[in-house]
Amino acid sequence: MLAVALAQGLVLPETAQAGRPVEISAEGLEPGAYPIEISGPGGTEVVTLVTTENGGRLAWTPDAPGRYVLTLFAPGAKYRAELEVAPPPPPVDLEADGLRIGPRLWPLPPGDWLAPLETPDAVYLAQRGAPLVLAFPRGGERGPLYAFYPHLPVEGLREGPEVALQGGGVWPLAGLPPDRPYAGAWSTLEPLHVLAQYWRDQGVAARLPAGPGGYRPYWSYLAEDPALLDDRDLAAWGRDLLRRGHRPELVWGEGARAWSDRWQAAARRADEATARRLVEALLRYAPLHPGAAAFFAEQAERFEAAGDSVAALRLRTLARQAEAQLPVLRAEGLERALATLALAYLALVLVLSVRYLPAQRRSLADWGGVWGSWVRNPIRRLRYLLFAHAGWGERLLAALLFFAAVAVLWLWGGVRGFEAEAVRSPLDRATLVGAGFEAWPAGPERAALRAYAALPGGAVDPRAFEGAAPLAFVEALRYRLTGDPQALLAAYRAEAVYPPVRAALGLGEDAWSEAYRAAGVERLGTPRARDLCRAYLIGSVRQLGVQPTRSLEALGWSTGTAWALLVALTVWAVLHLWVLLLPRPRGTVRAAGTLARGFELLVPGSTSFGKGWGVVLLLVAAYGAVRWILGDPAGGGLWLAAAYLPHLVLWYGEVHR
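Counting in this note's numbering, the sequence shown runs from 1 upward without gaps.
No wet-lab data here; the hints were simulated from the structure. Note that the coordinates shown come from a computational prediction; the quantities given were computed from them, not determined experimentally. Careful, some of the hints might be misleading.
Computed Cβ-Cβ distance ranges for the label pairs, DEER-style [as the list claims (entries may be wrong)]:
1) 212 <-> 31: 39 to 47 Å
2) 95 <-> 47: 56 to 64 Å
3) 202 <-> 78: 52 to 60 Å
4) 115 <-> 484: 52 to 60 Å
5) 139 <-> 520: 36 to 44 Å
6) 635 <-> 484: 46 to 54 Å
7) 257 <-> 156: 28 to 36 Å
8) 33 <-> 168: 46 to 54 Å
9) 350 <-> 547: 30 to 38 Å
10) 520 <-> 545: 42 to 50 Å
11) 80 <-> 520: 55 to 63 Å
A virtual CB, placed ideally from N, CA and C, is assigned to each residue, including glycine.
Go ahead and model the full structure; you've got the sequences and the hints to work with.
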């Protein structure tokens with residue numbers, strides 16, 4: 001509270017309130033004790049002010065409102081001042097039905113409401129576990145009501161006024177950070193939704209209150225009924241999303257269903273105009289929210305049924321463009337690919353074993369047989385491996401299938417590791433703000449992601465990601481930080497369709513360029529979801545010499561098991577390479593008996609392995625078998641039929657040739 005000199009030697013506050021202490025001080029007086037006569041509505045009283053060389057202070061509490069005259073008596077002089085004392089504020093009480101301030105009751109829904117914090121200007125109230133602090137007018141009048149929306153759920157209110165947040169942080173209400181995304185659980189927005197609905201039903205307010213200056217963060221809009229948001233609200237919601245670090249190029253995790261399902265349901269129930277408004281907002285600012293592909297397809301059909309084929313075409317096209325920002329590789333698809341390759345490889349090994357095992361036995365008959373030769377003459381045994389009796393084309397095919405399976409196994413582990421990181425906060429909220437990437441493979445690509453996450457206010461050194469792979473977002477980020485036109489050209493050469501670079505070169509914009517421009521957010525260097533996956537996999541390749549089992553451990557294996565598997569795969573890979581160099585033993589003839597023919601009948605393409613194209617039938621059959629095993633007998637049966645029909649014709653011709 002500001003102080004002002006009202007008379008020589010006597011200093012009083014500008015305002016005072018009955019029942020609250022008033023500080024009386026003196027300046028410029030000699031040290032000593034000075035009586036002060038105070039006359040007011042309740043009569044006259046005398047208090048004593050003791051001063052020292054540094055002045056003096058006295059706390060006095062007026063009992064009643066009104067005008068008070070204070071007279072300080074000093075040797076040879078007296079000093080007079082007047083003070084207007086306002087009435088005491090109305091009492092504040094948190095009742096079962098709401099917050100009562102004097103005669104006014106503000107209705108509140110049931111909840112874990114904290115004790116009100118009273119200040120001379122307002123009464124602050126918060127619900128524990130919700131990101132909201134309400135500020136009620138102190139006098140109890142209807143007056144302006146406003147709110148503060150912290151970026152974390154509230155745990156307590158303190159003098160200041162300050163708010164204690166979940167996790168231990170304490171912030172002044174007037175100094176809440178304007179650039180942080182919401183970091184609490186999405187379920188903590190439910191109390192805001194309940195409050196908004198309750199106040200609408202009670203006729204208190206149609207919407208949640210805005211903060212001082214009319215500003216509201218995006219999570220306050222997520223708590224509202226989406227159907228009540230107009231174009232201005234949705235634009236403000238989207239701008240705040242971008243300004244707080246959320247990006248339409250990144251993916252919202254399943255946790256976002258807490259709000260996205262409500263928005264989708266509102267669009268389905270609403271009239272066509274409202275539905276278009278909500279669809280456009282989601283497409284513009286959060287196109288990769290949970291269930292977005294099915295939702296946009298459904299709404300496109302709705303628009304087309306309403307006779308607006310142009311809007312339906314636009315929605316389908318932009319939804320496909322949004323999906324194109326997702327990683328190309330998915331763990332589920334790689335798992336199927338690995339199962340297909342492994343099954344094809346095992347089938348090939350089985351056919352070759354039946355086909356050439358008799359020839360191997362003849363070659364090793366004088367050296368202890370297939371097993372005894374390992375003891376009697378292991379060097380000769382290595383010369384007569386089973387695959388050494390196969391044709392060179394068959395050996396090459398087996399090696400290629402094995403190495404392809406190993407590569408897919410590594411990719412599967414790498415992508416599984418990336419997907420595990422992508423569902424962690426903050427990446428599961430379509431933002432990199434606050435991401436440390438500690439669990440990511442080290443390398444310049446990780447440094448580039450950290451540099452982007454630190455923008456716009458953090459200190460960023462482009463030298464930290466020198467030597468990074470030529471990814472478009474990395475080079476665009478380098479251009480953004482250094483202004484070097486060569487970096488912009490490198491970004492274009494790396495990926496000519498990267499939208500921020502095309503816009504920077506004046507080659508056209510995409511559907512999201514205007515959203516960035518309206519929010520005043522720089523887009524250059526923004527990584528897409530697919531870029532994050534690429535950066536993770538490239539970092540994993542760089543770390544192969546340091547953490548060779550990283551991808552295997554990402555699949556759930558322990559370190560010991562991963563090392564054992566790595567050693568086994570390495571030994572088997574060396575044997576395949578060794579077999580490719582061995583000459584085929586003379587006189588090798590493949591078995592043509594009933595057993596060998598039977599196995600060839602079971603394995604599609606087996607009659608043409610040596611020619612190379614038989615592997616196509618083998619892979620088609622393996623894929624069909626995998627789909628059948630995974631619960632899709634109809635689709636799997638079609639693939640199996642496509643493999644077996646030509647195979648049976650070829651097998652019959654081979655047998656009766």
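- prompt: Tell me, which hint numbers fail for this structure?
  reply: 2
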